[in-house]
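**Q** Sequence order for the protein chains is A and B.
Here the first sequence is numbered in our numbering, starting from 1 and rising by one per residue.
Here the second sequence is numbered in our numbering, starting from 1 and rising by one per residue.
By construction, these hints were calculated from the structure, which means they are not laboratory data.
All of these numbers come straight from a predicted model, not from anything done at the bench.
Any given hint could turn out to be false.
[Claimed, not checked] Cβ-to-Cβ under 7 Å is the rule here; a few derived chain B residues that face chain A:
hint, residue
1, Ile103
2, Arg108
3, Ile207
4, Ile210
5, Asp238
6, Ile245
7, Pro246
[Claimed, not checked] Capping the alpha-carbon separation at 30 Å, the derived lysine-lysine pairs in DSSO-like fashion look like this:
hint, chain 1, residue 1, chain 2, residue 2
8, B, Lys224, A, Lys10
9, B, Lys209, A, Lys10
10, B, Lys244, B, Lys267
11, B, Lys404, B, Lys372
12, B, Lys215, B, Lys192
13, B, Lys372, B, Lys259
14, A, Lys78, B, Lys189
15, A, Lys10, B, Lys259
16, A, Lys10, B, Lys244
17, A, Lys25, B, Lys244
18, A, Lys85, A, Lys66
19, B, Lys372, B, Lys328
20, A, Lys65, A, Lys85
21, B, Lys313, B, Lys372
22, A, Lys85, A, Lys57
23, B, Lys199, B, Lys313
24, B, Lys406, B, Lys338
25, B, Lys259, B, Lys328
26, B, Lys335, B, Lys372
27, B, Lys224, B, Lys199
28, A, Lys57, A, Lys78
29, B, Lys404, B, Lys313
30, A, Lys57, A, Lys25
31, A, Lys10, A, Lys40
32, A, Lys43, A, Lys10
33, B, Lys224, B, Lys244
34, B, Lys335, A, Lys25
35, B, Lys215, A, Lys10
36, A, Lys25, B, Lys224
37, B, Lys396, B, Lys335
38, B, Lys267, B, Lys328
39, A, Lys25, B, Lys209
40, A, Lys10, B, Lys206
By construction, the Cβ of each residue, glycine as well, lies at the ideal position given by its N, Cα and C atoms.
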Amino acid sequence: MSEELLSWDKLPIGGIPPFPSTEYKTGTWRTFKPIIDEEKCTKCFRCWLYCPDNSIKIEWEADGKKPRRFFVNYEFCKGCGICTKVCPVNAIEMVLEGEK
Amino acid sequence: MKIEGKQMIDQMDIILNGDEAVAYAVKQSDVDVVAAYPITPQTIIVERLAEFLANGEADYEFISVESEHSALSAVMGASAAGARAFTATASQGLLLMNEILWIVSSLRLPVVMAIVDRAVSAPINIHCDHTDIMSARDTSWVILHAENAQEAYDTVIQAFRIAEDERVLLPVMVGFDGFLVSHTSERIKIFKDDEIVHKFLGGPRKIPKIELQGKTTDFALWPKTPVPITLGPLDLYDYYFEHKIPQAIAMENAYQVIKEVHDEYAKISGRSYGDGLLHPYMVDDAEIIAIVMGSTAGTMRYVIDEMREEGLKVGMVRIRSFRPFPYKQLAEMIKHAKIIGVFDRAQDMGAQGGPLYVETRSTLYDYDLRPKVVNYVYGLGGRDTPPSLLRGALDKLYDILKGKEKIFRRIYLGVRGPEVRGE
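All chains, full assembly: derive it from the sequences and hints.
**A** Laid out in structure tokens, this is it:
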């Protein structure tokens, strides 16, 4: 969420959010944080496919055809743990926030 | 106000019941979308609106829906897309709509809805009382209440102007009494030419502009807006409260807009109802003032005329705008009286009294010298309210003034059995 909160007279009517949803950071809701072990990861795309918040991101090889690595966008990840459940090689660990 | 000159030419006499009068008003108001589910005593409105369309007399989109929850949802979507939209319901239908009522008003969508007042179950009853519309009193809809078919016609036309005014942008309910008004034929005046109504409404609905992310955009869900908007997303403790303030201010603005629209309409129609908020009758020198809403006002006027002939100083204020409630204006109008009798045609379970009583009594609190205020709950489930019943109630108020009768808080008027008195 944006740093500065707007007062009521600066808001559009009808409960319209003043910012696009990309500005509304939901990462602070997280209790557990997914950590991807890049050694174990087989780049199967399952976590990317199942993530309900579109928070699994991909870094591509220079040719743009193969993924180099998968990583989590912690600004939006709410820590639901679905990625951990669907990972076939147990490459994603859920860690209590602040522990790692 | 006298009807003369141009106004006479513009209008024609027609025999319509309250429901038909509302359907005519909707047809003439250049409405884009109608979605409604029939329920007694509102059914005739929906039937007529479907007939107009079938006969080629109207060109709105008519959506047949499976429930009132869907009816209001469909109308909400249409309004969000920029349409002028109308629906109508009563009693259980309004209760089923309850969830969507709050959403329509909070999204600031200028929907107009006719409420044909009917008692609420259980037991099942199709006849008039105001318990249904009173259940919507906190939903942030503007609630206007008409006395007869003529006023229902006039008020529906005014309602579109009020709802769509940029100072308001809130949905408007137009209530009137089930059967007593909805199914009673009256000779009323309507505009001969739809164009007169179109002109009064300022043409098709105008889409308000809002500032969003540094740009001016349309307050409507359509893809061509400079900045697309989202209506009704998650809004937590950081912004929800702030979003409620403009809504509260819009309701405050409605006092002025209701009056302005009423006055402007009076100029083209020759008909006025007090100042649009309150419709007083013989209050200036009155010792006893009755507060009423709806068709009972007609009966009350008859009783007041009778009592005035006997030299008794009695008056009445009919509440035309229940939300926003014109508390300042009401207090100024009634504060000189000795005793106020508030007539509520709605249930008062667990409250200090009926909804009109609670509002009226509260308006007078700031005055050092204030009249006594007592409550009559009457006419539930369509119980007949003849002049003799109202006369008896007003005579009782005189007895209190003379010290012959003990003051009470609330009495159920016109019910059989031992008197149940709220002290």
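**Q** Evaluate each hint against the coordinates.
**A** Evaluation of the provided hints:
Look at Ile103 of chain B: its Cβ only gets to about 9 Å from chain A, farther than 7 Å, so that hint breaks. A cut of 7 Å between beta carbons decides the hint on Arg108 of chain B: the least distance to chain A is about 4 Å, and the hint holds. Taken as an interface hint, Ile207 of chain B does not check out: its beta carbon lies about 12 Å from the nearest beta carbon of chain A, beyond 7 Å. The beta carbon of Ile210 of chain B is positioned within 7 Å of a beta carbon in chain A (closest approach about 5 Å), and the interface hint is therefore held.
Evaluation of the Asp238 of chain B hint against chain A yields a held restraint, the C-beta minimum of about 6 Å falling below 7 Å. Contact between Ile245 of chain B and chain A, as hinted, is supported at the beta carbon level, the nearest pair being about 4 Å apart and thus within 7 Å. Checking Pro246 of chain B against chain A by beta carbon gives a least distance of about 5 Å; that is within 7 Å, so the hint holds. For the suggested pair Lys224 of chain B and Lys10 of chain A, the alpha carbons sit about 24 Å apart, so the restraint of at most 30 Å is met.
Simply put, Lys209 of chain B and Lys10 of chain A have alpha-carbon atoms about 14 Å apart, close enough for the 30 Å limit, and the pair holds. For the proposed pair Lys244 of chain B and Lys267 of chain B, the alpha carbon gap of about 35 Å is over 30 Å, so the pair is violated. For the given pair, Lys404 of chain B sits about 15 Å from Lys372 of chain B by alpha-carbon distance, which is consistent with the 30 Å threshold. Our distance criterion of 30 Å between C-alpha atoms is broken by Lys215 of chain B and Lys192 of chain B, whose separation comes to about 43 Å.
Distance check on the hinted pair: Lys372 of chain B and Lys259 of chain B sit about 29 Å apart at the alpha-carbon level, within 30 Å; holds. Restraint check: the Cα-Cα separation between Lys78 of chain A and Lys189 of chain B comes to about 62 Å, which exceeds 30 Å; the hinted pair is violated. A hinted pair counts as satisfied when its Cα atoms are at most 30 Å apart, and Lys10 of chain A with Lys259 of chain B qualifies at roughly 28 Å. With a C-alpha separation of about 13 Å, the suggested pair Lys10 of chain A and Lys244 of chain B falls inside the 30 Å cut-off, and the hint holds.
A hinted pair counts as satisfied when its Cα atoms are at most 30 Å apart, and Lys25 of chain A with Lys244 of chain B qualifies at roughly 23 Å. For the hint linking Lys85 of chain A to Lys66 of chain A, the alpha-carbon distance of about 24 Å falls within 30 Å, and the restraint holds. With a C-alpha separation of about 17 Å, the suggested pairing of Lys372 of chain B with Lys328 of chain B holds against the 30 Å cut-off. Restraint check for Lys65 of chain A and Lys85 of chain A: satisfied, since their Cα atoms lie roughly 27 Å apart, inside the 30 Å limit.
Note on Lys313 of chain B and Lys372 of chain B: the hinted pairing holds, with a Cα-Cα distance of about 16 Å set against a maximum of 30 Å. At most 30 Å may separate the alpha-carbon atoms for a hinted pair to count; Lys85 of chain A and Lys57 of chain A meet this at roughly 17 Å. The straight-line distance between the Cα atoms of Lys199 of chain B and Lys313 of chain B is roughly 43 Å, outside the 30 Å bound, and the hint therefore fails. With a C-alpha separation of about 15 Å, the suggested pairing of Lys406 of chain B with Lys338 of chain B holds against the 30 Å cut-off.
A distance of roughly 14 Å separates the Cα atoms of Lys259 of chain B and Lys328 of chain B; the hinted pair therefore holds under the 30 Å criterion. Pair hint Lys335 of chain B plus Lys372 of chain B holds up; C-alpha atoms about 10 Å apart against a cutoff of 30 Å. Proximity of Lys224 of chain B to Lys199 of chain B is assessed by CA-CA distance (about 27 Å); at most 30 Å being required, the pair is judged to hold. A hinted pair counts as satisfied when its Cα atoms are at most 30 Å apart, and Lys57 of chain A with Lys78 of chain A qualifies at roughly 14 Å.
Distance restraint check for Lys404 of chain B and Lys313 of chain B: the Cα-Cα separation of roughly 18 Å lies within the 30 Å cut-off, and the hinted pair is therefore satisfied. This hinted pair checks out: Lys57 of chain A and Lys25 of chain A have alpha carbons roughly 16 Å apart, not beyond 30 Å. Only pairs whose Cα atoms come within 30 Å are accepted, and Lys10 of chain A paired with Lys40 of chain A is rejected, the gap being roughly 49 Å. As the CA atoms of Lys43 of chain A and Lys10 of chain A are separated by approximately 45 Å, the hinted pair breaks the 30 Å bound.
Restraint check for Lys224 of chain B and Lys244 of chain B: satisfied, since their Cα atoms lie roughly 28 Å apart, inside the 30 Å limit. Restraint check for Lys335 of chain B and Lys25 of chain A: not satisfied, since their Cα atoms lie roughly 55 Å apart, outside the 30 Å limit. In summary, the hint linking Lys215 of chain B to Lys10 of chain A is supported, as the alpha carbons are separated by about 13 Å, within the 30 Å threshold. Taking the CA atoms of Lys25 of chain A and Lys224 of chain B, the gap is near 27 Å; set against the 30 Å cutoff, the hint holds.
For the proposed pair Lys396 of chain B and Lys335 of chain B, the alpha carbon gap of about 20 Å is at most 30 Å, so the pair holds. With a CA separation close to 26 Å, the supplied pair Lys267 of chain B and Lys328 of chain B stays within the 30 Å bound. For the hint linking Lys25 of chain A to Lys209 of chain B, the alpha-carbon distance of about 28 Å falls within 30 Å, and the restraint holds. Only pairs whose Cα atoms come within 30 Å are accepted, and Lys10 of chain A paired with Lys206 of chain B is accepted, the gap being roughly 23 Å.
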